[in-house]
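Turn these sequences into a full structure, and let the hints guide you.
Residue numbers (numbering that gives the first Met the number 0), protein chains in the order written: chain A, 0 to 348; chain B, 0 to 348.
It is worth saying that the hints were derived from the structure and are not from the lab. These numbers were taken from a predicted model, which means no experiment stands behind them. Even glycine gets a Cβ: it sits at the ideal position worked out from N, Cα and C. The reader is advised that the hints may include incorrect statements.
[Unchecked claim] Partial chain B-side listing against chain A, Cβ under 7 Å, derived:
#1 G71
#2 L84
#3 E231
#4 H247
#5 A271
#6 P338
Next come the chains, spelled out residue by residue.
Number of protein chains: 2
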Amino acid sequence: MSVPEQVPGEHMAAEISQEPSVLASIVERQSEFADVAEAIAKRPPRFVLLAARGSSDHAAIYAKYLIEVLLGLPAGLVSPSTATLYGARPDLRDVLFLTVSQSGGSPDLIEITEIARSQGALTVSVSNTQSSPLAAAAELSVDIGAGIEKAVAATKTYAATLLSLYLLVDAVRGGKGADAQGIGELAQSTLDGSIEGVQRAVDRYRFVDHVLTTGRGYSYPSALEGALKLAETSYLAARAYSGADLLHGPVAAVNSETAVLALTSAGKGGEAMRGVLDAVSGRGADVLAIGSAAADVPAALRINVAQTVEELAPILEILPIQRLALGLSLARGGNPDNPRGLLKVTKTR
Amino acid sequence: MSVPEQVPGEHMAAEISQEPSVLASIVERQSEFADVAEAIAKRPPRFVLLAARGSSDHAAIYAKYLIEVLLGLPAGLVSPSTATLYGARPDLRDVLFLTVSQSGGSPDLIEITEIARSQGALTVSVSNTQSSPLAAAAELSVDIGAGIEKAVAATKTYAATLLSLYLLVDAVRGGKGADAQGIGELAQSTLDGSIEGVQRAVDRYRFVDHVLTTGRGYSYPSALEGALKLAETSYLAARAYSGADLLHGPVAAVNSETAVLALTSAGKGGEAMRGVLDAVSGRGADVLAIGSAAADVPAALRINVAQTVEELAPILEILPIQRLALGLSLARGGNPDNPRGLLKVTKTR
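Okay, structure coming up:
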């Protein structure tokens, strides 16, 4: 069977370009999030647990920050193996259990959701496939609604998952997504406005060997997702640290051969990065500042991102990072649509 | 003022050698853990939160597994910044809040513990300094009892923290630390039995550039701690992944230039590593298997560890990794006692 010739990266490039319209369409569906929030309100949780893997795990960490700060509820990330490998059966009454999975097909996430439900949790799936086994396993489901994603590296589904989680959390606190109005336009202006900066970063990092990504607060998940995106598309051994953890040891391995991608959006997380950037700059690292406050920090290179409330910054700041991963992969001779050895649905147990 | 000449790594070497006796002395103090467990039993928690940074954060993740599996309680890691940067004030009644800090002096951990206590949590400090501000901030305190640690890189305090957390959790479930009897002797036989394997690994990885550490279940924290230890003493850009997460993307960056340090102790976590090791071996990676079941997996090099119940394996398997970090640091011309740019107490906020 002949397969049509594929241009390397065409799917990833197309899917990044679709993000502004995908984000705008999610905001239009605010009433769907309000419906799920209403069902949650009937069983108000005392604690929130989140289960996810890969890019969705980074989205879950973002949601954890939203839940703790905006809802005032303690939240934790689930280690699926405690239940699937070791048979843990915790008492989960009063627990809201959110499973985040773009595909909705990972066996361990389906199993952990079934276990959580049988242990008394209110289970909600957040997925891009409403007919998925995960959506069937959970009591309630949130549709990410990003459309089919062909590239193995998640791009539009990641940004769409972040926005879906934001709108869900905002609806739980009684909001109607007011701060997210216009996020589609802001995404477009971020993509349009970062073309030159991304190209300069692609040129600069063509031969880079050591990449470290870092951010604090809401932007910490962007650092995690950035490192994963670079690892899976450009085969870079990129490491991610929260700005605070970086100073607890790993900074020792930073030197003039290290490229540091630092998330610096306007707000408290970005402000708290100043000391971190002083520390890595003092060790000779090459800093690429990405964010709406990139102009305010010492950096060799900057990529500006449109400004929004701090909670929504991760949705915008990931866009130029995705473009950077795409560009670097192509510059280094890879095909980001089909990284070697990766499948779209990973069947871990 | 003249400072006595210091032999590079003398403190780290001495502190690793002390671990068997430190561990044995902690087991002797089982009644102290029983006392704290009794106080916890008077306010039985529904949910456990853990706060920590650096090596202590890895110990906290270990405790999270213990709490979920052995106590059947949902547990989560706290992101201190949600409270300290963003002002989150969650309702923490029915919450057991464990703050793990070797020094007991990190300002953000003290602040988050004070906030947790004022929000209704039962707060417990787990620290190596009983006169620390952290121990004063928490209602109850657990003494790690590892003695003064002079090297900046934590070694004996890490293993001692793991054992202290194990004995506390075991006491909460009504145990008396039966499985931990003899852990000192097992630590000694692990150190004695791994000298040659560690030396071969030091020789082999003298010029390594890309190191990845991986483990599953209880051994996942050992992978995290191993990567940190290598980064802070040998300045290696080491990355850590759970075996499951590794297959969700980062495996794409694994090739024949990658050294993979894999935790393979007897038990469910080690068994679940087989598929992971097949995947990285298939990509040409150089595998160093460390653990009591190291003989059972395909590897270029193996370091055997004394066998114990799976829950206690992390206390033993970290010992040869610490020796490896020490040996590599010296071989690469560093001084692991005083890594460049690191302080013993990191003052992040």
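Exercise for review: Have a go at the B:E231 hint: is there a Cβ in chain A nearer than 7 Å to its own Cβ?
Suggested key: Interface hint status for B:E231: holds (4 Å vs cutoff 7 Å).
Practice item. Against chain A, run the beta carbon of B:P338 and see if the smallest gap drops under 7 Å. Key: This hint holds: B:P338 lies near chain A, its Cβ roughly 4 Å from the closest one there, short of 7 Å.
**Study point:** Given hint B:G71 near chain A, where the shortest CB pair must fall under 7 Å
**Key:** This hint holds: B:G71 lies near chain A, its Cβ roughly 5 Å from the closest one there, short of 7 Å.
Check your understanding: For the hint on B:A271, does the least C-beta distance to chain A fall short of 7 Å?
Key -> Nearest chain A Cβ about 6 Å off; hint holds.
Review point. Holds or violated: B:H247 as interface residue toward chain A, Cβ cutoff 7 Å?
Key: Because about 3 Å separates B:H247 from the closest Cβ in chain A, which is inside the 7 Å limit, the hint holds.
Check your understanding: Any CB of chain A closer than 7 Å to the CB of B:L84?
Key -> 5 Å, holds
Consistency note: the structure conflicts with none of the earlier hints.
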